[in-house]
Amino acid sequence: MDSPPTLSDLAFHILLALGEGPSHGYAIGKDVEERSAGRLDPTTGALYQVLRRLAEDGLIVAAGAPPGVDSRRKYFALTSRGKRAAAHEARRLDALVRAARQRKLYPQRA
Amino acid sequence: MRLYRLLLWLCPAALRKEYGAAMEEMFARRLADARETGFRPRARLWRRELTSVLALAIAERWKLVSLGVRPRRHWNNLDAMHALAQETRHAARRLLRSPAFSLAAVLTLALAIGANTAIFAVVERVVLNPLPYPESDRLVVLDHGAASLNVGSSIGITSGLYFHYADRARTLDGAALYRSDDLTITGSGGPERVRVTHVAVPLAPVLRASPAIGRWFVEAEGRPGAPRTAILSHGLWLRRYGGSPSVIGQSIDLGGSPSEIVGVMPASFAFPETRVDIWTPELVDRSMGFGLWGYRAVARLRDGSTLERARDELNGLIAEIPQAFPADPIALGNTQIRLTSALRTLKEDVLGRVATTLWILLAAVGLVLLVACANVANLFLVRSEARQREIAVRRALGAGRLGITRYFLAESVLLSTAGGIAGIVLADVAVRLLVSVGPATLPRLHEIRLDAVTVAYTGALSLLTAILFGAIPLWRVRELGATLHENGRTNTASRSRHRVRQLLMGGQVAAALVLLVASGLMIRSFQNMRAIDPGFDATSTLTFGIGLPDRDYATRDAAVAAHHAIIDRLLALPGVTAASATTCLPLAGGCFANGVRIEGRVIEPGTIPPLAMYRAVAGGYFEAAGMRVIRGRAIDRADVEHRTPVALVSQSLASRFFPNQDPIGRRIASNRPPLRPGGAQPLDWLTIVGVVGDTPINALGEANPIPQLYMPMSIAGGPDAPRNSIIGPDVAVMSFIVRTASAPMGSLDTVRRAVDGVDPRLALAQVRTLQDTLDRAAAQMAFTMTLIVIAGSVTLLLGVIGIYGVMSYIVSQRTGEIGVRLALGAEPGSVARMIVREGGVVAGAGIVAGLATAFAGSRLIESLLYGISPRDPAVFASTTAILLAVALPACWFPARRAARLSPLEALRMD
Numbered sequence: 013m014d015s016p017p018t019l020s021d022l023a024f025h026i027l028l029a030l031g032e033g034p035s036h037g038y039a040i041g042k043d044v045e046e047r048s049a050g051r052l053d054p055t056t057g058a059l060y061q062v063l064r065r066l067a068e069d070g071l072i073v074a075a076g077a078p079p080g081v082d083s084r085r086k087y088f089a090l091t092s093r094g095k096r097a098a099a100h101e102a103r104r105l106d107a108l109v110r111a112a113r114q115r116k117l118y119p120q121r122a
Numbered sequence: 015m016r017l018y019r020l021l022l023w024l025c026p027a028a029l030r031k032e033y034g035a036a037m038e039e040m041f042a043r044r045l046a047d048a049r050e051t052g053f054r055p056r057a058r059l060w061r062r063e064l065t066s067v068l069a070l071a072i073a074e075r076w077k078l079v080s081l082g083v084r085p086r087r088h089w090n091n092l093d094a095m096h097a098l099a100q101e102t103r104h105a106a107r108r109l110l111r112s113p114a115f116s117l118a119a120v121l122t123l124a125l126a127i128g129a130n131t132a133i134f135a136v137v138e139r140v141v142l143n144p145l146p147y148p149e150s151d152r153l154v155v156l157d158h159g160a161a162s163l164n165v166g167s168s169i170g171i172t173s174g175l176y177f178h179y180a181d182r183a184r185t186l187d188g189a190a191l192y193r194s195d196d197l198t199i200t201g202s203g204g205p206e207r208v209r210v211t212h213v214a215v216p217l218a219p220v221l222r223a224s225p226a227i228g229r230w231f232v233e234a235e236g237r238p239g240a241p242r243t244a245i246l247s248h249g250l251w252l253r254r255y256g257g258s259p260s261v262i263g264q265s266i267d268l269g270g271s272p273s274e275i276v277g278v279m280p281a282s283f284a285f286p287e288t289r290v291d292i293w294t295p296e297l298v299d300r301s302m303g304f305g306l307w308g309y310r311a312v313a314r315l316r317d318g319s320t321l322e323r324a325r326d327e328l329n330g331l332i333a334e335i336p337q338a339f340p341a342d343p344i345a346l347g348n349t350q351i352r353l354t355s356a357l358r359t360l361k362e363d364v365l366g367r368v369a370t371t372l373w374i375l376l377a378a379v380g381l382v383l384l385v386a387c388a389n390v391a392n393l394f395l396v397r398s399e400a401r402q403r404e405i406a407v408r409r410a411l412g413a414g415r416l417g418i419t420r421y422f423l424a425e426s427v428l429l430s431t432a433g434g435i436a437g438i439v440l441a442d443v444a445v446r447l448l449v450s451v452g453p454a455t456l457p458r459l460h461e462i463r464l465d466a467v468t469v470a471y472t473g474a475l476s477l478l479t480a481i482l483f484g485a486i487p488l489w490r491v492r493e494l495g496a497t498l499h500e501n502g503r504t505n506t507a508s509r510s511r512h513r514v515r516q517l518l519m520g521g522q523v524a525a526a527l528v529l530l531v532a533s534g535l536m537i538r539s540f541q542n543m544r545a546i547d548p549g550f551d552a553t554s555t556l557t558f559g560i561g562l563p564d565r566d567y568a569t570r571d572a573a574v575a576a577h578h579a580i581i582d583r584l585l586a587l588p589g590v591t592a593a594s595a596t597t598c599l600p601l602a603g604g605c606f607a608n609g610v611r612i613e614g615r616v617i618e619p620g621t622i623p624p625l626a627m628y629r630a631v632a633g634g635y636f637e638a639a640g641m642r643v644i645r646g647r648a649i650d651r652a653d654v655e656h657r658t659p660v661a662l663v664s665q666s667l668a669s670r671f672f673p674n675q676d677p678i679g680r681r682i683a684s685n686r687p688p689l690r691p692g693g694a695q696p697l698d699w700l701t702i703v704g705v706v707g708d709t710p711i712n713a714l715g716e717a718n719p720i721p722q723l724y725m726p727m728s729i730a731g732g733p734d735a736p737r738n739s740i741i742g743p744d745v746a747v748m749s750f751i752v753r754t755a756s757a758p759m760g761s762l763d764t765v766r767r768a769v770d771g772v773d774p775r776l777a778l779a780q781v782r783t784l785q786d787t788l789d790r791a792a793a794q795m796a797f798t799m800t801l802i803v804i805a806g807s808v809t810l811l812l813g814v815i816g817i818y819g820v821m822s823y824i825v826s827q828r829t830g831e832i833g834v835r836l837a838l839g840a841e842p843g844s845v846a847r848m849i850v851r852e853g854g855v856v857a858g859a860g861i862v863a864g865l866a867t868a869f870a871g872s873r874l875i876e877s878l879l880y881g882i883s884p885r886d887p888a889v890f891a892s893t894t895a896i897l898l899a900v901a902l903p904a905c906w907f908p909a910r911r912a913a914r915l916s917p918l919e920a921l922r923m924d
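Here the protein sequences come in this chain order: W and L.
Quick note on numbering: the numbering used here labels position 5 of the first sequence as 17, and the sequence is numbered without any gaps.
Quick note on numbering: the numbering used here labels position 64 of the second sequence as 78, and the sequence is numbered without any gaps.
Hints should not be assumed to be uniformly reliable.
Straight-line distance between alpha carbons at most 30 Å, and here's what the computed DSBU-like set of lysine-lysine pairs gives [as the list claims (entries may be wrong)]: (1) W:95 to W:42; (2) L:31 to W:42; (3) W:95 to L:31; (4) W:42 to W:86; (5) W:86 to L:361.
Think of the hints as simulated: they come from the structure by calculation, not from any bench.
Please work from the sequences and hints to get the whole structure.
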């Protein structure tokens with residue numbers, strides 16, 4: 013099994029959004045926007061471009077929709093590979109944060 | 015939403031299938047979210063969402079090209095996408111900073127791309143896919159010509175010949191004959207005249223069409239004596255039965271005979287024409303012998319066979335007619351007219367001249383696009399030169415040629431995309447307009463809409479446009495390396511720098527002139543067509559058809575009495591100055607035709623009597639139709655009532671059958687085959703009492719008028735011939751002409767009540783004015799003329815803007831030089847003349863090129879013209895004059911501005 017691919021900013025946010033359980037395009041978009049405090053506001057096209065890549069790389073899969081929602085809506089869920097990739101990225105960011113702290117660029121935890 | 019869906023079509027199919035619906039849903043929700051916000055956030059959302067779909071489409075298609083990329087590369091690709099997106103964003107900012115330039119460019123492109131998209135939508139549906147049947151290019155028309163009559167095609171087929179082919183032809187995979195007429199349907203919703211096509215049962219298998227509900231006919235229903243069945247058109251089903259499926263099995267009264275409805279065809283099925291509302295089986299079989307002309311037939315070519323091979327085979331089968339129909343007098347007669355197969359594709363049959371027309375229109379809007387590109391390229395050139403130094407700095411700092419290319423292409427792609435999107439919106443409006451005013455002769459007219467293929471075409475066109483006008487400044491970049499060496503003070507732009515511009519200007523002039531000449535020729539043709547004397551007076555006349563049901567009006571006397579009753583009531587109406595009836599109106603297409611016998615002339619063995627069209631008329635017909643009786647007298651009411659055996663002949667009949675003789679007093683008869691071979695022919699002789707002017711049969715300006723003869727409706731075919739005899743027209747179906755003192759359509763209600771007074775079950779069919787009929791005959795030419803004139807005017811407008819732009823720019827670049835000239839004592843007038851002369855030379859070169867192109871291409875447009883040579887010198891001269899009249903002022907104004915500069919100002923400006 014090769015190491016998980018490096019994730020773009022938006023891809024990582026999408027994996028984070030799916031961390032709470034299967035979701036669909038519109039809700040993922042909203043979640044990303046809120047979590048990034050408006051810094052990322054992906055359009056439908058941009059979001060689906062990344063969703064498609066993630067699905068191709070096996071980080072997410074299409075999931076069954078709950079009954080009673082718009083039948084066009086498509087749900088996605090994290091795969092174990094996706095979880096690993098997210099963890100990998102979090103570790104990478106964590107290492108960067110630690111490095112920043114060591115160099116006194118970032119305040120210590122209160 | 016529709017726009018979003020259209021844009022999604024640009025994405026690869028796999029992506030669209032998997033995520034298209036989900037993306038639409040998400041977009042819809044985001045739109046709903048934005049509904050409460052103001053205009054700006056909503057506009058921003060639209061802009062971002064639409065561009066993101068475009069970006070997605072480009073990115074995904076790009077990926078498709080570079081197959082086999084590892085996942086890791088994908089992310090790099092995404093980075094490249096980001097770089098591209100950034101370049102695009104920067105370009106967008108640069109363009110927004112000069113809104114006037116951007117708006118001008120986008121509007122110009124939108125106009126041209128919109129026109130191209132609209133015409134392409136028509137071409138795509140009408141020319142490329144005129145027939146809604148599978149493998150429709152293998153469908154052929156089994157038509158015939160007769161060498162001895164000098165008729166190449168369109169005499170149709172007989173039932174015997176149809177069976178002859180269907181049984182023997184190996185190149186054909188099924189054939190079906192048909193004929194159409196108008197019948198009255200009665201029942202719920204009142205009586206109505208509808209177009210009925212009687213078809214051989216194999217029609218649906220041959221076309222590979224099937225009913226939307228119910229079933230097609232079975233073979234037993236096509237045999238003589240079978241119970242009557244009918245299939246409805248989608249339109250009639252909705253109109254009279256409210257689209258109810260329970261219509262299947264119901265009975266419909268068709269011209270007096272009840273028929274069982276067995277099916278309903280889909281809306282797209284319009285065979286052989288859109289106005290057909292009912293199909294019934296034609297009851298024919300092989301025992302009926304060779305049969306009569308009056309049928310048409312379609313067939314499907316067998317796989318692997320070609321049109322030429324099939325035509326050869328059918329001509330071989332024609333040679334076998336005497337053996338196949340022994341002792342059949344009609345078959346023997348037909349061997350003498352030297353029958354030939356006029357097999358052609360159904361597509362060719364349906365399209366006719368429309369295809370040529372539409373290709374010419376597409377070429378015309380193509381020229382519009384070229385001129386628009388030239389204009390935008392000009393604007394681009396101006397911008398690029400203004401930024402020469404910026405670009406030179408970029409290059410000096412290490413930007414490669416690729417970077418500079420990206421710099422310009424990002425702008426041009428953005429502009430052309432915006433132009434393309436605006437163009438699609440324009441085209442959508444234009445297509446709706448075309449559909450509502452287009453001539454009814456355009457096949458599938460009402461199915462024309464913007465579809466995926468058209469949008470893809472627009473996309474490709476926009477990209478091509480972007481490259482066309484984006485590349486022109488790039489071409490100039492090559493010389494820019496030297497720019498930094500220059501100290502920045504240049505008095506004149508070099509001549510070579512103007513050459514591109516002058517080339518563009520000359521090209522615009524040439525393209526504009528070509529379209530102007532085409533417009534001029536079309537306008538003159540249209541004028542010629544409208545100036546044709548149709549032989550009747552179209553003002554203030556209402557026409558309508560009435561068909562008497564066989565059951566209630568079985569004899570000719572009963573029919574004539576009913577027609578007289580109607581005419582009497584019409585004449586009694588206030589404001590009606592004349593009223594009469596005929597079996598066949600002018601411009602109504604083919605009427606009853608048969609051979610004419612002339613008393614005292616023997617038919618040589620091996621020849622057949624000449625053909626003529628027969629019309630049975632009521633008294634006062636020529637007066638009501640406004641036709642001129644040139645010699646002798648007209649047919650009056652007394653002739654009809656006393657069954658006087660008289661006839662009027664058309665001028666063409668008189669001159670062809672009685673050259674240099676007086677036809678009045680001569681006797682003629684409708685030909686009738688001998689009762690048995692070699693036996694006597696009982697002929698009903700009619701005495702010619704007058705000569706009338708010719709009227710057109712199918713179209714205005716027919717080259718060879720067909721001989722026509724008119725006789726009293728009480729003796730159609732001969733005093734004793736049965737009403738529906740094959741030697742004269744059937745008077746059960748007549749067209750009425752009512753001439754009124756006021757607007758003819760205003761009296762429609764009273765006319766309808768008058769007819770109801772005679773028999774309330776009678777329906778008025780094809781109610782229109784003779785003027786409508788005349789307009790319809792010229793409708794296609796009017797349509798073509800309008801579109802070409804619009805294309806010509808738009809090109810002229812764009813061309814003038816282009817010339818003005820180029821001249822203004824050249825003047826502004828030469829301000830310094832002009833200042834020096836003025837300071838050294840040049841007359842302002844001579845400076846202005848110099849500028850105009852330079853513009854004039856370029857315009858002159860463009861005019862010469864345009865005239866040469868128009869001259870060389872004249873053959874292409876020839877088929878659209880009427881009564882004018884495609885190289886008509888007056889049109890060439892007048893359009894050139896028009897072009898000069900607008901091009902010279904476009905040169906003159908910038909020149910005058912230059913001449914009015916004070917030398918001091920001019921020198922300071924640089």
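Hint check, failures only:
As far as the earlier hints go, only 5 is violated by this structure.
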